[in-house]
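Engineer: So the sequence lines, in the order shown, correspond to chains B and D.
With the numbering used here, the residue at position 411 of the first sequence is 411, and numbering never jumps.
With the numbering used here, the residue at position 266 of the second sequence is 1266, and numbering never jumps.
Please note that a few of the clues may not be correct.
[Stated by the list, open to error] List time: in silico BS3-like cross-link candidates among lysine-lysine, alpha-carbon distance up to 27 angstroms:
no.: 1; chain 1: B; residue 1: Lys-434; chain 2: B; residue 2: Lys-472
no.: 2; chain 1: B; residue 1: Lys-86; chain 2: D; residue 2: Lys-1377
no.: 3; chain 1: D; residue 1: Lys-1035; chain 2: B; residue 2: Lys-290
no.: 4; chain 1: D; residue 1: Lys-1016; chain 2: D; residue 2: Lys-1054
no.: 5; chain 1: D; residue 1: Lys-1286; chain 2: D; residue 2: Lys-1054
no.: 6; chain 1: B; residue 1: Lys-35; chain 2: D; residue 2: Lys-1234
no.: 7; chain 1: B; residue 1: Lys-79; chain 2: D; residue 2: Lys-1234
no.: 8; chain 1: B; residue 1: Lys-86; chain 2: D; residue 2: Lys-1234
no.: 9; chain 1: D; residue 1: Lys-1015; chain 2: D; residue 2: Lys-1025
no.: 10; chain 1: D; residue 1: Lys-1334; chain 2: B; residue 2: Lys-137
no.: 11; chain 1: B; residue 1: Lys-86; chain 2: D; residue 2: Lys-1353
no.: 12; chain 1: B; residue 1: Lys-86; chain 2: D; residue 2: Lys-1035
no.: 13; chain 1: D; residue 1: Lys-1353; chain 2: B; residue 2: Lys-79
no.: 14; chain 1: D; residue 1: Lys-1377; chain 2: B; residue 2: Lys-79
no.: 15; chain 1: B; residue 1: Lys-146; chain 2: D; residue 2: Lys-1334
no.: 16; chain 1: D; residue 1: Lys-1377; chain 2: D; residue 2: Lys-1413
no.: 17; chain 1: D; residue 1: Lys-1090; chain 2: D; residue 2: Lys-1016
no.: 18; chain 1: B; residue 1: Lys-146; chain 2: D; residue 2: Lys-1144
no.: 19; chain 1: D; residue 1: Lys-1374; chain 2: B; residue 2: Lys-86
If you're looking for bench data, these hints aren't it; they were derived computationally from the structure.
Remember, it's a predicted structure, so these values are computed and weren't measured experimentally.
Each chain, written out:
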Amino acid sequence: MYIKTESGKWEVVIGLEIHAQIISESKLFSSASTKFGAGPNENVSYVDAALPGVLPVINSFCVDQAIRTGLGLNAEINKVSFFDRKNYFYADLPQGYQITQYFHPIISGGYIDIERGNGETHRVNIHHIHIEQDAGKSIHDQSPTKSFIDLNRSGIALMEIVTEPDMRSAEDAALFLQKLRSILRYLKTCDGNMDEGSMRADVNISVHRPDTPYGTRAEVKNVNSIKFMATAVNYEIERQIEILENGGEVDQETRLFDSVKGVTRTMRSKEDAQDYRYFPEPDLPPLILKQSRIDELRKTIPELPDAKSKRFQQEYALPKYDAELISSEMETADYYERALAAAKTSDNTVAKLLSNWLLGELFALLNKSGKSISESDISAENFAELIMLMKDNVISGKIAKEVLELMWNEKKKASVIVEEKGLKQITSTDEIKKSLQAVLDEHQDKVAEYKNGKEKLFGFFIGQAMKRTGGKANPKMLNEILRELLNS
Amino acid sequence: MYHLSLCEIRDNLLKKRFSSVELTKCFLERIEKYKNLNAYITVCADQALQSAQKSDEKIANNTVGDLEGIPLGIKDIFVTKGIRTTCGSKMLANFVPPYESTITQKLSDAGAVFLGKTNMDEFAMGSTNSTSYFGEVINPWKIKERLVPGGSSGGSAAAVAGHLCAAATGSDTGGSIRQPAAFTGVVGLKPTYGRCSRYGMIAMASSLDQGGVFAKTVKDAAVFLKAMAGYDEKDSTSANISVPDFESFAGKSVKGMKIGIPKEFLVDGIQQDIVDAWKKGAQILKDAGAEIVDVSLPLSKYSLPAYYIIQPAEASANLARYDGVRYGFRAEGKTLNEMYENTRDQGFGNEVKRRILIGTYVLSAGYFDAYYMKALKVRKLIHHEFNDVFQKVDALLAPTTPSSAFSLDNEPKDPVTMYLNDVLTVTANIVGVPGMSVPVCLDKDQKPLGLQLLAPHFMEEKLIQIGSVLEAGANFPSLKEID
Chain B
1 MYIKTESGKW EVVIGLEIHA QIISESKLFS SASTKFGAGP NENVSYVDAA LPGVLPVINS
61 FCVDQAIRTG LGLNAEINKV SFFDRKNYFY ADLPQGYQIT QYFHPIISGG YIDIERGNGE
121 THRVNIHHIH IEQDAGKSIH DQSPTKSFID LNRSGIALME IVTEPDMRSA EDAALFLQKL
181 RSILRYLKTC DGNMDEGSMR ADVNISVHRP DTPYGTRAEV KNVNSIKFMA TAVNYEIERQ
241 IEILENGGEV DQETRLFDSV KGVTRTMRSK EDAQDYRYFP EPDLPPLILK QSRIDELRKT
301 IPELPDAKSK RFQQEYALPK YDAELISSEM ETADYYERAL AAAKTSDNTV AKLLSNWLLG
361 ELFALLNKSG KSISESDISA ENFAELIMLM KDNVISGKIA KEVLELMWNE KKKASVIVEE
421 KGLKQITSTD EIKKSLQAVL DEHQDKVAEY KNGKEKLFGF FIGQAMKRTG GKANPKMLNE
481 ILRELLNS
Chain D
1001 MYHLSLCEIR DNLLKKRFSS VELTKCFLER IEKYKNLNAY ITVCADQALQ SAQKSDEKIA
1061 NNTVGDLEGI PLGIKDIFVT KGIRTTCGSK MLANFVPPYE STITQKLSDA GAVFLGKTNM
1121 DEFAMGSTNS TSYFGEVINP WKIKERLVPG GSSGGSAAAV AGHLCAAATG SDTGGSIRQP
1181 AAFTGVVGLK PTYGRCSRYG MIAMASSLDQ GGVFAKTVKD AAVFLKAMAG YDEKDSTSAN
1241 ISVPDFESFA GKSVKGMKIG IPKEFLVDGI QQDIVDAWKK GAQILKDAGA EIVDVSLPLS
1301 KYSLPAYYII QPAEASANLA RYDGVRYGFR AEGKTLNEMY ENTRDQGFGN EVKRRILIGT
1361 YVLSAGYFDA YYMKALKVRK LIHHEFNDVF QKVDALLAPT TPSSAFSLDN EPKDPVTMYL
1421 NDVLTVTANI VGVPGMSVPV CLDKDQKPLG LQLLAPHFME EKLIQIGSVL EAGANFPSLK
1481 EID
């Protein structure tokens, strides 16, 4: 994967550091709530505010969450890990240090396989994952002379997921982040809400000539959407190539992404880099994990998106595209499988029909209402009933669309709506024949034209007959009988 | 009644020979009378009398705690809810905590009466109690000579020695209980690291700090320690180990016990009286049936250098929170950095600044491995060496300090000489073992001398057992009246 310019080929090298907020009711070292949207400084304990004399106590649920994340990412769980202090002064860092894991993190290794647009599978390795506490928030735009501090975030548990420099394009990075987000959401260890800040990425980017050592990297801090990340990466690639092609050198520096202008800007240079004076946290003993704890947690790991997608392709003969789309969110996959179970059939045409209608019609309704699938007004069971009514020719596809909307709006089952509104398909040969005969009688001129070779009129007759039956005639029978009548 | 030991007070209160209120008033009057000692930073007379009143009711109802009605001094390093807690610093001169430390909570649950918060070196950094923002404490043994009480728990030591309380809490990071106990002729016990919760004890060096007791007798120390020791889920470094009935070990025979005499504690420049006292102490134990064994701890001489790397390193991070943002002293500044600089420049004294600088330096990129990591390795080695020696002996006997107390006017001016004061005490903190200083005699200038006993981890009962025998044999002439 090279970028070709007039001067030759360039290779892009990208590594990510992802800060993922651990899903947990309380903070990493205190019992304060983590609820999003509380008033300023409402979720702050004495520990979070770093009062004199307070001590951190590890929240073992957060540790479990990190272990589960490691297991979900094929990583090694370190049975002994340690906490360290990262020292720096900032107004929203009450302790004057962040408790993190610098020397011996809880998780090492792991990987995610991404599938590139050209169908090629590419493995992105994870260097390690450590747990650490978040800082508070400084608010500078409320007053011309004052800054405000909100410590609600202070002490919230984060996982920092650090990849190897294994990505080669903005696409790779975006695919990785999407997949990671999907896996974390499956594991319920991070909600992946980038706009609420519960997942954010620092992106390390460099370019170099193929078969030469890696170039100097720039780090773009706190990118908070997958789209922004791709923009930031592409901007950096262009910027760095331009510097190098003009004979310059890329500075090792930290840059900020301006999402409005789509550019990155110098935040601080290497010379200004802080010395964090990491040292072992004396207030916390080593984090020692028993194998039995890891084994128990392993049992809680659900089937993850890749495995699920594969199974959907094998068991239900779903096309890869459908299988991947459905399995990218666990709630969607669960909905799909619940519907399939309710359909009580091993007929794979039903599996495909369900997939089509889920990804098409139902998703359209969900999008329109801004609801997630778990908030859907149509249950998986009722959705399956609708599909089966269609499959069994009780209603046509066209009617099914109407019924689906009615189900959404009126919160009724498909069978009830079909019954109440008399939407059942007409499958009586006599009745269909009668309607068709009436159409042909009414349009004898057109019948003559048809017989003289204007075969396009077949569709016209069908349309007229449908109109007469209120759209309820079985289309297949309608076709057959019309052909019979015209040929007789 | 102020002369009485904690145990004697306990008996008298229970027998209703006097009330807690009477006793509390007596101590409050003495505190006021001997204000010149400057032993207390904050006296909480009203709260003390209220809680004494409550104790008297409990005594009347026979529902007493282990320390019911006993008036204590509390080192101002322990956070007390609603009572100003300064840690001897301008930085916290007006800090009134919204919560209670585990140790003071336990003492209060046991029925103790808090007379006030005792003076101390700023953030427990000092060996003479002269770094306190609230002024020096004077050793009640020689007021005119302006004798130092030692530090950092100088206020607690002076208060116990001068009978301004029945007993007092202290904290010991490198000797801050044992050294002032030796200087003032009282018993000072630093428990095993992890024996008492550090929650709410303002952190200086987290891996070394341990709360403990000052008392008039070894038995008092046993009763006092029992009331404050124990596992605390709020302190992850506290040990989940049961607390024995320390008091029952007081007076128990030491027959057949092996007491080690570590030759490395005979440091250069040690006062001759102290060497004599050490011999006298060993003889007392020998006469009581213990076996005296010469032992060697060759690595212990590296304790002091390791200590003066680890302690400032941890302190430099622990004190980062005093930034003027959320509580405590704040000096204004045009920018955030300027506010930090002004606050920390004006809020901290020189010794604190010195240690923050040392700590910051030893943790800096390029120096970390050479200093901090090496100190940790040394610490581990010394730890192994102690474990080995404790395979052979029950406890160690050594001097607490290389000299007796000196006058404030003769206080060493250069910090290194000052730090050498801790040479005999820091090892216990580096290793985490319990240590107790017991007063044994006076030197030729009539100043108290103490010997310290060191025992294996979580074996404070051995300190009590051996210490009480040493105490009985030494028959130390406690200070009767303040001149």
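Engineer: Out of the numbered hints, which ones does the structure contradict?
Structural biologist: Failing hints, ascending: 3, 5, 12, 13, 16, 17, 18.
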